[in-house]
Every structure is written in structure tokens, then in C-alpha cells.
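Peer 1: One letter stands for each residue in the lines below.
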Amino acid sequence: QKEVEQNSGPLSVPEGAIASLNCTYSDRGSQSFFWYRQYSGKSPELIMFIYSNGDKEDGRFTAQLNKASQYVSLLIRDSQPSDSATYLCAVIGYGGSQGNLIFGKGTKLSVKP
Amino acid sequence: DAGVTQSPTHLIKTRGQQVTLRCSPISGHKSVSWYQQVLGQGPQFIFQYYEKEERGRGNFPDRFSARQFPNYSSELNVNALLLGDSALYLCASSLAGVNSYEQYFGPGTRLTVT
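Note that the protein sequences, when read in sequence, are chains C and F.
Residue numbers are given in the working numbering: position 113 of the first sequence equals residue 113, and the series is strictly consecutive.
Residues are numbered in the working numbering as their position in the second sequence, beginning at 1, plus a constant of 1000.
It is worth saying that the hints were derived from the structure and are not from the lab.
Just so you know, not all the hints are guaranteed correct.
Taking lysine-lysine pairs in the DSS-like style, the calculated list, with each CA pair at most 25 Å apart, reads [claimed, not checked]:
(1) C:K67 x C:K2
(2) C:K2 x C:K105
(3) C:K2 x C:K112
(4) C:K108 x F:K1030
(5) C:K56 x F:K1013
(6) C:K67 x C:K112
Given the sequences, and given the hints that come with them, work out the whole structure.
Peer 2: Structure representation (C-alpha cells):
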């Protein structure tokens, strides 16, 4: 059974700080990794995806992937109160359906002004 | 361009009833996936359809069924509703081409079963 684990939080950081969100996965064959942001009462919004080992940067967001250690992380620089949301990590397993995203339970981030 | 659309937004049903949820993907996207999200959990995969064919199915009972139409829109049907079916039902669309696995969610349909 493929699993994705996240610390449920809440993770609280002051405005302007770096928020670090972590995710581990059980299937060593997983190839594609995604971070979604979900505001309370809304649907998930895709904010980052990463397919290769290393870092991928997009604005204030950096996704980091380490396949050997089976973890993926999301860094949010200069955190803003508007970043307060639940962040969902998701993976697609190797050989699985392209539609079969497996999600963690999410980490709730709170950015304090 | 319009994103993924879903209807209805909210729905209240009684145990034992049947419900149909609808989804239209992003223009140009040929794959639609359905997910169920209960409070405090991440979304759980129900179905994927690509080019009108079922490409994947999650661990859900046969009361759940779906189909995709020639215009790539999709319907999710749930029969004999149980209280535990109360959840946010999400539709996601993707290109599903080579090296293209990103999925984009619609606003969801919140189903309440009483």
C-alpha cells in the first residue's frame, strides 16, 4: 500500500520567515511529486510539481526532492499571512495510473503577522 | 480560459438515494479524475477516465460509478447513499500526455447525506 506521510501541524511561523513543509513516501518507485495548497472550504490548488532530484524554484516557493531518502519538501520564503492554508503533498507511483494521485493528510500552516 | 467546472456546488441527499455529480475539464484536457475528500484528510482517488475509457479505479465500492462523454466531460454516480458518503467530491483534469501528470482541481461538490 503506497503511503504519503506529512506532519499535520499546525506549523506556525512569523510573517517574513521561511516555512518548511516536509513529506515522506513509501513507494521507492514513485516518480512524480506535487504540492497543493488548500484554503479552508476550498479545493486544492496546484502550486509546485517536481520530477527530478534536486531543487525547483518558482517565485517564493522551492520544492526539494531526494529520491534516495524518499522525501520531498516545500520551502516558502518571506511567508505572508495569505500563505496560511493546508499544504497537501501528493505522489504518483511508478507504473500506476497517471490519474492515481496519492495524498498525504496535509500540513496546516499558520503565518502570524 | 475557464478552469475545471463542477456542478452542483452543494447537495443534500437522504440515505438510500442516488446522486449524480458533473464535471467539465479544462479545454484541451482529455483526462478526468474523481476524488473524495472527507474533513481532515487528503483527497482519495476514486476513478480516472481518459478518452472515455476507465484507466484507474480506487478502493471504493461498486455503488460508485462514472463515465466520460465525447466532449471529455464526466459524471460521477453514487447509488444507495450512506452517511459516510458525506464529503467534498473533487474533479481534476489533466492533459495526461507523455511527461504531463499535473492535475488541476475544480471547486468541488459538497455532498451531505442525512
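Peer 1: Verify the proposed pairing of K2 of chain C with K112 of chain C, using a straight-line Cα cut of 25 Å.
Peer 2: violated (35 Å)
Peer 1: Does K1013 of chain F sit within 25 Å of K56 of chain C, going by the straight-line distance between their CA atoms?
Peer 2: Answer violated: K56 of chain C to K1013 of chain F is near 44 Å, above 25 Å.
Peer 1: Holds or violated: K108 of chain C and K1030 of chain F, Cα atoms, limit 25 Å.
Peer 2: Between K108 of chain C and K1030 of chain F the Cα gap is close to 32 Å, so the pair fails against 25 Å, i.e. violated.
Peer 1: Does K67 of chain C pair with K112 of chain C here, judged by a C-alpha cut-off of 25 Å?
Peer 2: Measuring from Cα to Cα gives roughly 33 Å; hence the hint is violated.
Peer 1: Would the hint linking K2 of chain C and K105 of chain C be met if the CA-CA limit is 25 Å?
Peer 2: holds (14 Å)
Peer 1: Does K2 of chain C sit within 25 Å of K67 of chain C, going by the straight-line distance between their CA atoms?
Peer 2: holds (15 Å)
In the structure shown, a violation is registered for the earlier hints numbered 3, 4, 5, 6, in ascending order.
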